[in-house]
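Undergrad: Protein chains in written order, with this note's numbering: chain A, 969 to 1069; chain B, 779 to 876; chain C, 2 to 326.
In short, the hints are calculated from the structure, not lab data. Please note that a few of the clues may not be correct.
To be verified - Heads up, incomplete: computed chain C residues facing chain A, CB under 10 Å, no partners named:
id : residue
1  : A48
2  : A60
3  : L72
4  : F111
5  : L119
6  : A132
7  : V163
8  : A171
9  : R172
10 : G224
Glycine included, every Cβ here is placed at the ideal spot set by N, Cα and C.
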Amino acid sequence: MTPPVLYALCAAAIFGIAVYGLLSRPHLVRRLLALNMMGVAVFLLLVAFARRDPEVTDPVPHAMVLTGIVIAVSATAFGLALVRRLYRDTGRTGLSESRDP
Amino acid sequence: MSWHEWLAVPLLLSGAVFFLTGTIGLVRFPDTWSRLHAVTKADNVGLGLMVAGLASLSASAAVAFKLVLVWVLAMLAATFSCHLISRYSLRESERDDR
Amino acid sequence: MTEAFSWVFDGLLVIALVIVAARVVFTPVLFKAIVMFIVFGLLMAIAWGRLDAPHVALAEAAIGAGITGALLLAAYSDLVSVRRRRPHLRPRVRVLRRHAFFAASAALAFAALALVLLQVPAPESGAGTLAVANLDATGVAEGVTAVLLDFRAYDTLLEMAVLLLAVYGARAVLVTDSEPRPDPWPTEGRHGSMVAALVGVLAPLIVVTAGYLLWVGAYGPGGAFQAGAVLAALGVLLRLTGRLEPAAASSWPQRLVLVAGLIVFSLVGLATLFAGGTFLDYPEAWAYPLVLLIEIALTVSIALPLILLFSGSPGLATPAPEDRR
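Same shape as in the complex, but just chain A (with noise of 0.2 Å):
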């Protein structure tokens, strides 16, 4: 076990943590949360792969990651601005289950 491994397990660990949330919590707040964890640990993955090798670490998977940062705030901004919307219009802040009047 090196560290690398150490924290893929945590990336594992938190990716599972975060399907939990995104699959029982309603709210969408919720669910947008749950979604940036997943995605973080799956940057913590590639991070942690990229320094595999103890001599060099990879710059390509950190570049993505930063790619992947950024993009991750911009679908989060507009996921919230669709939840912001659904409230104003219906005052629900979860998507209604088959019942939709």
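We have chain A; now place chains B and C onto it with these hints.
TA: What follows is chains B and C alone, placed relative to chain A:
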């Protein structure tokens, strides 16, 4: 051990003690204000001691200056966020009383 | 001895990350979940530092924890303050089977990931080795910046398009009703003069920091993303303290800044194409000035969309001098 290290180790250790004290206060104190008091005061001193210890270990004056800058900015941020949080919770508690 | 200490540190950090992640998911109060998410981002920033990824640490602290946290809190205050109707409450039928299924899926995701990643063989030589070997051709001495703006410049170009798309998408979704909505952050006596004084001290420091991060990106941790995020944080502060106000439309300079990154990037790409090369393949002598030019444009084109997304308004304006506080 060089004299740098003889200087740094007690500073770092006492800084850690202050952090520990502040954290215990954060966990154990009953209300927002005493928690804030514990965290902001003890941690600012703890961070200052840590910064002093690390600065005495640092290779150049530029690094030491940056470390001190970190401390000053962290104190500034702690002061203002403490102010905002305590004001907010004061207002909330007044609203609850009414 | 040192190694043992670093194991203890890594172990504690990993445990803290997992616990905070669980708190984000399981805490019943939304506000706590958001705060926990911000804490999670800050802990992640430490983890990035431990994994030799200072670029990512800077971006995570500024964007992942800072800007995302501000966006979440802004949305939260909107969801709490508007409150037209009571949220439609579903009868709380606790379907245990469903939750067991969710937990099983989560456990499956964890187990599958863990199993796979313990068995992935270490790469012999990947794109990273190639990138480090060809660093000289890019005019910058920093691998991550070289990858972002030279080797994989397409990614960054399209990322700017995504960011712009998010801004226009959010605008289309949010700005619909004709009635003017109250500013969620009225500055009148809200924060007092202390915060305004703090912003006065911090604003120049933040601008200098952003400039430093932009410049240092060529040979150290930093670059357009981090600089843009730091500038965006300044914009959020100014917006919160009333030095910037929402406007119903963006002015021409604002529109120009919004698209500057995309346009400069595309023009450079087209220029290299017409000069006989490939799209976005800079001639070696020009590589550094071109990268710097693109980075400057990217910085402002990352900062302004993030501020607009936080503000939730199509544009920004400075208040009239008499009601400036």
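Undergrad: Compare the structure with each hint and give your call.
TA: Structure-based check of each hint:
{"no.": "1", "hint": "A48", "result": "7 Å, holds"}
{"no.": "2", "hint": "A60", "result": "5 Å, holds"}
{"no.": "3", "hint": "L72", "result": "5 Å, holds"}
{"no.": "4", "hint": "F111", "result": "3 Å, holds"}
{"no.": "5", "hint": "L119", "result": "7 Å, holds"}
{"no.": "6", "hint": "A132", "result": "6 Å, holds"}
{"no.": "7", "hint": "V163", "result": "5 Å, holds"}
{"no.": "8", "hint": "A171", "result": "4 Å, holds"}
{"no.": "9", "hint": "R172", "result": "8 Å, holds"}
{"no.": "10", "hint": "G224", "result": "8 Å, holds"}
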